[in-house]
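Fit the two chains together into the complex; they arrive one by one in their own frames, and the hints show the way.
Residue numbers (the numbering used here), protein chains in the order written: chain A, 1 to 112; chain B, 1 to 113.
Errors might be hidden in some of the hints.
No farther apart than 30 Å at their CA atoms in a straight line, the calculated lysine-lysine pairs in the BS3-like style are these [as the list claims (entries may be wrong)]:
(1) Lys57(A) - Lys68(A)
(2) Lys57(A) - Lys76(A)
(3) Lys57(B) - Lys9(B)
(4) Lys81(A) - Lys57(B)
(5) Lys81(A) - Lys57(A)
(6) Lys68(A) - Lys57(B)
Calculated directly from the structure, the hints in this document are not laboratory data.
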Amino acid sequence: GQNIDQPTEMTATEGAIVQINCTYQTSGFNGLFWYQQHAGEAPTFLSYNVLDGLEEKGRFSSFLSRSKGYSYLLLKELQMKDSASYLCAVALASGGSYIPTFGRGTSLIVHP
Amino acid sequence: DSGVTQTPKHLITATGQRVTLRCSPRSGDLSVYWYQQSLDQGLQFLIQYYNGEERAKGNILERFSAQQFPDLHSELNLSSLELGDSALYFCASSEDSGANVLTFGAGSRLTVL
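Pulled out of the complex, with its shape left as it was, chain B reads as follows (with noise of 0.2 Å):
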């Protein structure tokens, strides 16, 4: 157990709807990263949070968004989902925002069907 807890580990919808994965950063660590992992992309950095602030985004669809909450857990939100959405979600985290070990979730496989 890393001590970054994500919610649901599977996740089974449709095109068109909407889901949002939950993350809870390891304790102290006041960063949360999402990243998307896919068979032919790698690990794709989404958007990044410090203290309940975005600090940086990557390659986020609009369609996608996210929040840092003040008890520091952390929400993905995906919508409209289309059939390339489906991948390995990760979050991370790491102490605060500097070039920091990141620990990771053990992920939430979504498949859009």
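In isolation and in its complexed conformation, chain A is listed as follows (with noise of 0.2 Å):
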């Protein structure tokens, strides 16, 4: 089985860094995406990680320490459209495929 952690909710402010946590304990991995989800509306691809160590993409970053089962996604220079549901999401080995298992999603707030 598999068990993915992210905090329910966080709020920040325009302008400000923000970082969300994600742990996860499972079998079988391969790599680490995070995804944003504005509400009503479908998932989008931020960023993918399967080798420890950071990843950069502008102004959203992301970390990977496979040893620990940790990862972050590093929100910087918000702006309030960023505020959306981000979702983490484990590559899972399963018949012959890997199969994204996400997490129940963290809701980013961006305030004034």
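What follows is the structure in structure tokens.
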């Protein structure tokens, strides 16, 4: 089985930095994804980490520590449009495939 | 537009009924995944197909079934519907069955009354 944990909700101020953590306990791990989902819309891909370390992509960065079962998504220079749910997903081996298995998501509220 | 097309966008039906949700993957993608998203459960993996064959199964109820056709589009059939089946159903596609980025469709919102 797997256990993927994220905080339920976070709030931050426009222009600030926020870090969203994700911890997991799984077997058959093959990478970790972060997706953004605005209310009522489809999730969209933000980042993928398969090796330990930091991946930077503009205002967003993602970090992975496989030995600790831990990842975080760092959002800098927050904008109002960053208010959304952020989903951590672990790629798990299943039947010859790798299936992204999602946590419940962290709802981020950015206020002025 | 993500390139993944889902129909219908909204569906309202009664308990005990049966519905079919349809998904066309992004051009060139061979894998299709179905997820259910309800308020209290988050995104739950249901089933995955690769090039017409079932590859992985998640928490899919026996009342639900799916298939992927030769043209790679997929259908998710939900029968004997219950109130608890009300949810957003997402289809996603990827190039193959590895640990790939998923491209999601806009979803089909099912309401069971």
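Going through the hints against the structure:
1. Lys57(A) - Lys68(A): holds (23 Å)
2. Lys57(A) - Lys76(A): Within the cut-off at roughly 11 Å; holds.
3. Lys57(B) - Lys9(B): Roughly 24 Å between the alpha carbons, so the hint for Lys57(B) and Lys9(B) holds.
4. Lys81(A) - Lys57(B): The given pair, whose Cα atoms are some 35 Å apart, is violated under the 30 Å limit.
5. Lys81(A) - Lys57(A): Cα-Cα ~17 Å, so holds.
6. Lys68(A) - Lys57(B): The given pair, whose Cα atoms are some 28 Å apart, holds under the 30 Å limit.
Against the hints set out earlier in the document, a violation occurs for number 4 only.
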